[in-house]
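Undergrad: For reference, the chains in residue letters:
There are 6 protein chains.
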Amino acid sequence: MIYITRRETFCAAHRMCREEWSDEKNLEIFGKCSNPAWHGHNYVLSVTVRGEIQEELGFFINLTILKKIIHERIIEKIDHRNINTEVDFMKGKIATTENLAIAIWNELKPAISEHGASLHCVRISETENNTIEFYG
Amino acid sequence: MIYITRRETFCAAHRMCREEWSDEKNLEIFGKCSNPAWHGHNYVLSVTVRGEIQEELGFFINLTILKKIIHERIIEKIDHRNINTEVDFMKGKIATTENLAIAIWNELKPAISEHGASLHCVRISETENNTIEFYG
Amino acid sequence: MIYITRRETFCAAHRMCREEWSDEKNLEIFGKCSNPAWHGHNYVLSVTVRGEIQEELGFFINLTILKKIIHERIIEKIDHRNINTEVDFMKGKIATTENLAIAIWNELKPAISEHGASLHCVRISETENNTIEFYG
Amino acid sequence: MIYITRRETFCAAHRMCREEWSDEKNLEIFGKCSNPAWHGHNYVLSVTVRGEIQEELGFFINLTILKKIIHERIIEKIDHRNINTEVDFMKGKIATTENLAIAIWNELKPAISEHGASLHCVRISETENNTIEFYG
Amino acid sequence: MIYITRRETFCAAHRMCREEWSDEKNLEIFGKCSNPAWHGHNYVLSVTVRGEIQEELGFFINLTILKKIIHERIIEKIDHRNINTEVDFMKGKIATTENLAIAIWNELKPAISEHGASLHCVRISETENNTIEFYG
Amino acid sequence: MIYITRRETFCAAHRMCREEWSDEKNLEIFGKCSNPAWHGHNYVLSVTVRGEIQEELGFFINLTILKKIIHERIIEKIDHRNINTEVDFMKGKIATTENLAIAIWNELKPAISEHGASLHCVRISETENNTIEFYG
Numbered sequence: 121m122i123y124i125t126r127r128e129t130f131c132a133a134h135r136m137c138r139e140e141w142s143d144e145k146n147l148e149i150f151g152k153c154s155n156p157a158w159h160g161h162n163y164v165l166s167v168t169v170r171g172e173i174q175e176e177l178g179f180f181i182n183l184t185i186l187k188k189i190i191h192e193r194i195i196e197k198i199d200h201r202n203i204n205t206e207v208d209f210m211k212g213k214i215a216t217t218e219n220l221a222i223a224i225w226n227e228l229k230p231a232i233s234e235h236g237a238s239l240h241c242v243r244i245s246e247t248e249n250n251t252i253e254f255y256g
Numbered sequence: 121m122i123y124i125t126r127r128e129t130f131c132a133a134h135r136m137c138r139e140e141w142s143d144e145k146n147l148e149i150f151g152k153c154s155n156p157a158w159h160g161h162n163y164v165l166s167v168t169v170r171g172e173i174q175e176e177l178g179f180f181i182n183l184t185i186l187k188k189i190i191h192e193r194i195i196e197k198i199d200h201r202n203i204n205t206e207v208d209f210m211k212g213k214i215a216t217t218e219n220l221a222i223a224i225w226n227e228l229k230p231a232i233s234e235h236g237a238s239l240h241c242v243r244i245s246e247t248e249n250n251t252i253e254f255y256g
Numbered sequence: 121m122i123y124i125t126r127r128e129t130f131c132a133a134h135r136m137c138r139e140e141w142s143d144e145k146n147l148e149i150f151g152k153c154s155n156p157a158w159h160g161h162n163y164v165l166s167v168t169v170r171g172e173i174q175e176e177l178g179f180f181i182n183l184t185i186l187k188k189i190i191h192e193r194i195i196e197k198i199d200h201r202n203i204n205t206e207v208d209f210m211k212g213k214i215a216t217t218e219n220l221a222i223a224i225w226n227e228l229k230p231a232i233s234e235h236g237a238s239l240h241c242v243r244i245s246e247t248e249n250n251t252i253e254f255y256g
Numbered sequence: 121m122i123y124i125t126r127r128e129t130f131c132a133a134h135r136m137c138r139e140e141w142s143d144e145k146n147l148e149i150f151g152k153c154s155n156p157a158w159h160g161h162n163y164v165l166s167v168t169v170r171g172e173i174q175e176e177l178g179f180f181i182n183l184t185i186l187k188k189i190i191h192e193r194i195i196e197k198i199d200h201r202n203i204n205t206e207v208d209f210m211k212g213k214i215a216t217t218e219n220l221a222i223a224i225w226n227e228l229k230p231a232i233s234e235h236g237a238s239l240h241c242v243r244i245s246e247t248e249n250n251t252i253e254f255y256g
Numbered sequence: 121m122i123y124i125t126r127r128e129t130f131c132a133a134h135r136m137c138r139e140e141w142s143d144e145k146n147l148e149i150f151g152k153c154s155n156p157a158w159h160g161h162n163y164v165l166s167v168t169v170r171g172e173i174q175e176e177l178g179f180f181i182n183l184t185i186l187k188k189i190i191h192e193r194i195i196e197k198i199d200h201r202n203i204n205t206e207v208d209f210m211k212g213k214i215a216t217t218e219n220l221a222i223a224i225w226n227e228l229k230p231a232i233s234e235h236g237a238s239l240h241c242v243r244i245s246e247t248e249n250n251t252i253e254f255y256g
Numbered sequence: 121m122i123y124i125t126r127r128e129t130f131c132a133a134h135r136m137c138r139e140e141w142s143d144e145k146n147l148e149i150f151g152k153c154s155n156p157a158w159h160g161h162n163y164v165l166s167v168t169v170r171g172e173i174q175e176e177l178g179f180f181i182n183l184t185i186l187k188k189i190i191h192e193r194i195i196e197k198i199d200h201r202n203i204n205t206e207v208d209f210m211k212g213k214i215a216t217t218e219n220l221a222i223a224i225w226n227e228l229k230p231a232i233s234e235h236g237a238s239l240h241c242v243r244i245s246e247t248e249n250n251t252i253e254f255y256g
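Line by line, the protein sequences give chains C, V, X, F, P and B. Residues in the first sequence are numbered consecutively from 121, following our numbering. Residues in the second sequence are numbered consecutively from 121, following our numbering. Residues in the third sequence are numbered consecutively from 121, following our numbering. Residues in the fourth sequence are numbered consecutively from 121, following our numbering. Residues in the fifth sequence are numbered consecutively from 121, following our numbering. Residues in the sixth sequence are numbered consecutively from 121, following our numbering.
FYI, nobody ran anything at the bench for these hints, they're computed from the structure. Nothing false has been slipped in among the hints.
Identical copies go unnamed one by one, so any copy, or any two together, can satisfy a pair.
Capping the alpha-carbon separation at 16 Å, the derived lysine to aspartate or glutamate pairs in EDC-like fashion look like this:
1. 188 / 199
2. 197 / 128
3. 187 / 128
4. 188 / 234
5. 213 / 175
6. 152 / 206
7. 187 / 248
Work the whole structure out from these sequences, hints included.
TA: See the structure below:
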């Protein structure tokens, strides 16, 4: 069993809030991250998949395929976008990095399985100091 | 003459656009960075000041003072904010990193001069791949 | 189950030694890290906690609380300090990064549990090349 | 149980190919990484070992010994070398990072066991975006 | 006057040698970097251009154009290539990073001038520890 | 004219103080950096030298020589040492990074000149956020 991790980046706007709460309530719970005029980040997304090496090839998933899956399913939908209002797989969810990691997991899992690999971990760094990991 | 650089970070939303242009025109000129629903970045701001060492102290500006100036004049106004709509020193300007560097220069220069140092460079990295420098 | 990691830094002096050994013996066992006149590092501390997302909030522990716990219990006691002589939770222990990781684990665990989360990992990088992890 | 990770770097040339395949077939399967005229990387190798702290010492393996093992068994044989043609432990294997991680694991495991520690993970980053991990 | 820097990366093989010298002579002068079986690097290329902001746009060169110039003239010719044998603009030159910086300068200068900007600096990091800069 | 920068690191203890001042006075002027029990850093030292390429060689100073100069004159004297009490070229000086940059400049300049190159800049990062540069 071997693990391969692909690192990608995207830039996006978001705010943390429950839409049914007032701005004051959101500010109390989520702090400055709830700013109604938005803020944003350079998110770093690391996707780890695992599998058994095919001896003929020396790998188990072609990195080009892994990149293509991540780009088509995630990056093209979220890069230079507003996570709260423009990203289909985040509709109706609070735009925390925790929820984002789970949503990206759900987007990637079937496509990666189709190529004979298993999704192992979705890791997102919102800043160099804050990182979320989800293992399913 | 010696140079000291302080690195700070802030997270903000922005879009590149001229407000009097249509979204289509802005898209044509500024590309995906003109998304009307905003996007954002973890900006890295590096401020370089220069001066002559005071022999009694072994430095020419106390780092605590330099940090305080940058925080009070820049970080508190821009961190977790929307650069286009919420930052006073960017009002009426296109929210490019180029304009941001010049505006930050103008905000910092008088306060740094008051402490016997000269502002030398404002450098802003929008992403790890794109960096702007302004030397006045 | 989701994991969140907070990265903090602190600067401290230390030396690796057993106080009852001679400087020569300490030098033989611990090498240049046993220098009696001290040396120091910019330590990078990463604290990982895990928990179940509260659906109403989209997270399981408020990052502000996590930061506050790490600052009050660790950073304020160790930053710009001498690990061997000034840090209460290291008293009587050899000031290796291994022992430091375990001591920080013990300091953090109860406070994190009080907030409904579980401490998962304490990771300390002494330099960019040397990293210790402790999982309890 | 505690984990220590040592990070080392090496620069090497390689190409991904099966020697019995034509250049066209290799290009089809391995893409530009199969360039017959070679290309290369600054590889980052992180070796994680685990063990129980010896209370007398505050560690379980001397970092100097760990570095020496990695240098003698890996770095001296691969740094500034051609992985396909000059590295004994890669002879007859496709020069993927996946195979390299497994081969390095096999080279390091006995030497680390001799010093009372267990090899836990071999991680290799080929670029800042592509990382392989092997846990045995 | 404002400066913009674009960072790009490429992976390539090279060796430092004068072809008319023996391997022994090359080894004596260039050390392990002269290995006849090649080695390689993840090169980091930073291109700095300067110009006067066009007030209507808030910038002086569109980053998309700058990226396109660097990719068409440099990255497509050198990425996953052998610098000594496959890169037209390095033909007949010793494949040092110093010569590479000058050659890249010469490739980029006319194209950047055509877009109303001036090339200011070509910086290449061969490893995180070794960096070359050329200012024309 | 071309510039080459070599990056090295060292770990050291220091405190900022004037010895003839009381601890209280030092605390007032230098803050927590004046802690009498010391603290320390992983310093990053970048040395930039400039010269004219020798066409026969494709460089103007052999990197091996540059490394040797920096190691013999600086790293061996300061790594894992106390800057205030153990480093000859800092004797009698306040152990600020500013003074350290000037002292390192003076140590390196003659040796670099002997090899037909000119010292251009000594840059020291005390932390990732604080950097000093001296150009002579």
